[in-house]
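Protein chains: 4
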Amino acid sequence: MYFTSDNAVGAAPEILNAIIAANEDALPSYGADPMMQDVEKRIAQIFETDVRVFLVSTGTAANALSLASLSPPWGAVFCHRYAHIEVDECGAPEFFGGGLKLVLLDGKDGKIQPDALEYALKETGAGGVHQVQPAVLSITNVTEAGALYRAEEISTLAALAHDAGCAVHLDGTRFANALVSSNASPADMSWRAGVDVLCLGATKNGALAAEAVIFFDPKRQADRIAQFEYRRKRGGHLISKGRMLSAQMAAYFKDDLWLSLARHSNLAATRLADGLRKIEGVEIENSVDANMLFVHLPVAVHKRLQQEGARYYLEPPSQSDEGDGKTVRVRFVTSFSTTDDAIDSFLEIASKA
Amino acid sequence: MYFTSDNAVGAAPEILNAIIAANEDALPSYGADPMMQDVEKRIAQIFETDVRVFLVSTGTAANALSLASLSPPWGAVFCHRYAHIEVDECGAPEFFGGGLKLVLLDGKDGKIQPDALEYALKETGAGGVHQVQPAVLSITNVTEAGALYRAEEISTLAALAHDAGCAVHLDGTRFANALVSSNASPADMSWRAGVDVLCLGATKNGALAAEAVIFFDPKRQADRIAQFEYRRKRGGHLISKGRMLSAQMAAYFKDDLWLSLARHSNLAATRLADGLRKIEGVEIENSVDANMLFVHLPVAVHKRLQQEGARYYLEPPSQSDEGDGKTVRVRFVTSFSTTDDAIDSFLEIASKA
Amino acid sequence: MYFTSDNAVGAAPEILNAIIAANEDALPSYGADPMMQDVEKRIAQIFETDVRVFLVSTGTAANALSLASLSPPWGAVFCHRYAHIEVDECGAPEFFGGGLKLVLLDGKDGKIQPDALEYALKETGAGGVHQVQPAVLSITNVTEAGALYRAEEISTLAALAHDAGCAVHLDGTRFANALVSSNASPADMSWRAGVDVLCLGATKNGALAAEAVIFFDPKRQADRIAQFEYRRKRGGHLISKGRMLSAQMAAYFKDDLWLSLARHSNLAATRLADGLRKIEGVEIENSVDANMLFVHLPVAVHKRLQQEGARYYLEPPSQSDEGDGKTVRVRFVTSFSTTDDAIDSFLEIASKA
Amino acid sequence: MYFTSDNAVGAAPEILNAIIAANEDALPSYGADPMMQDVEKRIAQIFETDVRVFLVSTGTAANALSLASLSPPWGAVFCHRYAHIEVDECGAPEFFGGGLKLVLLDGKDGKIQPDALEYALKETGAGGVHQVQPAVLSITNVTEAGALYRAEEISTLAALAHDAGCAVHLDGTRFANALVSSNASPADMSWRAGVDVLCLGATKNGALAAEAVIFFDPKRQADRIAQFEYRRKRGGHLISKGRMLSAQMAAYFKDDLWLSLARHSNLAATRLADGLRKIEGVEIENSVDANMLFVHLPVAVHKRLQQEGARYYLEPPSQSDEGDGKTVRVRFVTSFSTTDDAIDSFLEIASKA
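Protein chains in written order, with my numbering: chain A, 140 to 492; chain B, 140 to 492; chain C, 140 to 492; chain D, 140 to 492.
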């Protein structure tokens, strides 16, 4: 009954097996192994376009390194107020970006409102050299509030950003969950919608520790790509035994494993939501587009679940276990490995409490 | 008819004369001249406490260097959404602070609401190592919206900040204007209210280019002070012919010049406001506590004033000269050198238009 | 016949098995798993003292993060001219350290000469605030030139550093190789000799990607440790599925695996050296204390080896395959997985050429 | 008898008068005043080419801001081991440059040996992404050892640098002294010899606090120039009352004042050198190309001079007043305001001791 995060479990068997299978031979290190080239080709195929791909071992590294390659130190990165890059990376974008500034935008369900973006693009930097200048739009799909951006919504935001001379970054920690939820193609959900750089997560969807940073239209982005390589090394993120990352990623994309895992995860969330809706006093806040639920639990239910060993986070973390006296706001995240049994046990405890 | 900023004119005669008088002899450089020691003593006297003082030539340097000495790179600096450090320093605090984060707070007239601060202090960093940690409260007095914090208001905010382990920084670009407006003593408006570091501006109030960074309770802040000295040098802000700064500051405090200049400036603003209030269609937005006015001018009046050579800024700068079609929002700033004649000429043009 | 580096192969079987065994259950993420606590306890045992341990996935991250926690941005880090932190980390120490400065020292075999250190400590920062200040001594054992520092040699250097107020950092990428070569205890080769922070490598000695940063005397170093945690997160080096690192490290220390692997590696180097010495025209430059050889190969031998598939690096890399016309200077590195067969095949080709 | 540095005195009368004359009117701030445009035009005239000019108040700021605009954070800046940017700026280049690396070169009299540069350009970065990459050659004329580079010498070094893809930066703190010493034209000593950016000092040659950063061929360097403007603001180096800098610079170039002042200064050094040579036991180390002398003084002479109030620096500063027991190595610097009387008094004391 672990619903803390999609990183509470280990790797999917296929991915673990790939690490094992790749262990034997001597191979060029630092990303020059043949598997890495295959991964790049495979991603090009899946996204139906030319790409340049780099692997790193954490989502924070993927985001911060790519943002630093898209923005000067005096750049403004526009993102949602609840974006992971703002809330959960301890200032990594500012650190890697030489002191760049995140400009926070509002919008329901963690989704940036187009007019909020439009206003911010107009105001930011209008004072000339005294102000940071528009540089990057960063969106997250699935959002931190568990919601889905559809391809058209991304296009709208990206077009505004591009018109203002900004690059578009997509934090795709849960990109696979977004794809299976929307039934859109990888290309439609990324570069065709205007995304320049996609940080495609695997760790939260079955890998052990692997994230892909994908630059679309690599010729146009040659400068950024060159930057990225030096920034990755100097950030300590160029893994010497590169096979550790490339093997995971090769398995991740093989036979659409990534989509199967995400589908499982999303379905588990639906099952959990369906069960919770039947319990009196429980209120689900979001529409459960993917694998995250934001739920108001009666305090008694919460306490009982804790006693019985269920694990999940208070959201925000500054709450006490008493919440507002009546309910506690919590977050549940399902994963590729969440079992129906675990969900049912959980629901049984909750409904009895 | 220059109302763009209090930096549109040169130095007050007393300050210019001090620079001239200090020019002759050979003196130790880099701040080791005897005038610098006198300035430190004089500031201690004025503030009725022990201090350590450093001079720099811009307000941006004063703010950014002191914030960097108060916050680690993973620190949160709480400030008003319209604070100069957020809006007008092109990311200097983030740059000097190694990528620290400004957390923006709301409040009327550029003044931080205590409950907004309280909430932010509670939420920020609650997620542990994943989040930046509360480090500094930065307030501005007079605020960027021209309003005055009274000593009690500062005390309230500072107490909240200290309870959360934060240092308190006061951006006092217009500290003298605040003093004469409030009739409070320098001590009451700073360390007695809980301020740890005061950036006391002189440039906007009659100096050519000089700002004092004042550390109160220097024994307690010995580490921060040591940091400041290295940061200043490595930031290129240790002026070799230090007399340039110390001479200005010595004159600034002599015979309460700083207060006389600020008084003149505040009175000029009052005169301007009184005149504007009589003109139809003109609306003054703020209460004119000091030397700044935020005014909605009818477009016709604005255009006529421009033609006649009046100078002031649109606020925000992203507006066109047509404003919203009817009025334009503008900012007027008076200074130690604003003459009654200039104000009266300006008012005459405005009232005729 | 891979002698490029000790990172050309995958993981030792024991370590791979540990990753597999740790895969199943849901566990607290971000380093809060129980295995991590065991690793810390085990390291305390091995080093016979209290420690605080953090794991990261690359040696560059381990070095740069720990140096940044030991030095202010205006600090001087004294290291050998050929140190990995100077030559092979693309400026990572400067990046993580906010622009700190590496001060390069000379000495035979990559070992810092005590008098070179003494001189540098005296000169650096003597000009006061105009200069960076002595902050850290960083030594590497085994050195980049393949040589061993004995415990007494480390003590001598560390004492000089401590007297000057510096911390002592040990880059122990090949610490296990140093231990088995010297027959000294881990404690004698580290904190008893004056080391404050040890970056103990595992990746080059059989792990897949895992390095331990060990702070000795954690009470005294509480501030540095607190810094390290934020720096690691904000550097993108806090792995979410922390078991990936802790499992490797648990296996690394179990049943003295780390020493067995290093012993194998060192013996392979001896075998290779013994063979090469018999080949005419081949000159081994160093005394082969551990698992690295620096060798002058006749160009013909070099070319033949390349044709036959042997892999190793030119040193320095700016050479061509023609070297100076007669010989090429190359580096051979053996590893835990180097087989006698591979060495013998290699020697046979070399001796025939 | 102040020979500590050319910054021990105030401003030349012409420059002080210019500050006074510029004080009156209201003017656009932040460098948009008309005097600034005149300064740029005048510099273009003097250098016989198109330029873009920025003014700052310290040499450290000029150097660090321009280097940061010429090099990426993973760049190598090649400079002499005794360069001011290495020895006397407390790491400012590393700070502004996001952690770039200074690669130190040897050569007599503070002048970089061409073959030392050639070797460093070849070796640096040859290891690819693991190493910082050649980015800038920085030379200083007059050097910190008081020696002159002739135009041909600069050409030789600059050609090597350009061939390796580096930009060329000239630290011209004492550029005027170099010009009058060499009788070369400003153009020949800068862009015609391959200099891309010249930091032309005025502070040490009669200004109060003013340095010009000159970008030659501004079309080619448009990106660097755009960067510079943001870096200057965010570094706190955009002075609000810009006239303070532009007035100084206008006077500096008027009627060749800069050359007259430098000529005076160089002649004073010659007079001092001629006198010292006649004193037994005194040895002048350098050839006195400009306004600096490096001298071995008998300890007794040194002590007597100190007692009589003569001021100058020990070089290096880590020496005691006893030197090596027999002599002390010291530095004398003359300035635009050094009088024959002061020199003669000094020499009289020295010769009697």
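Treat the hints loosely; a few may be bogus.
No copy labels: a pair is met if it fits in one copy or bridges any two.
Said to hold, decoys possible - The list that follows gives simulated cross-link-like pairs (lysine to any residue, SDA-like), each with its CA atoms no further than 25 angstroms apart:
#, residue 1, residue 2
1, K261, D248
2, K442, I364
3, K261, Y452
4, K261, G246
5, K180, M140
These are computed hints drawn from the structure, not numbers from a lab.
Verification of the hints:
no.: 1; hint: K261 <-> D248; verdict: both (24 angstroms within a copy, 23 angstroms between copies)
no.: 2; hint: K442 <-> I364; verdict: neither (50 angstroms within a copy, 34 angstroms between copies)
no.: 3; hint: K261 <-> Y452; verdict: between (37 angstroms within a copy, 17 angstroms between copies)
no.: 4; hint: K261 <-> G246; verdict: both (18 angstroms within a copy, 23 angstroms between copies)
no.: 5; hint: K180 <-> M140; verdict: neither (38 angstroms within a copy, 29 angstroms between copies)
Figure legend: structure checked against the earlier numbered hints; hints not met, in rising order: 2 and 5.
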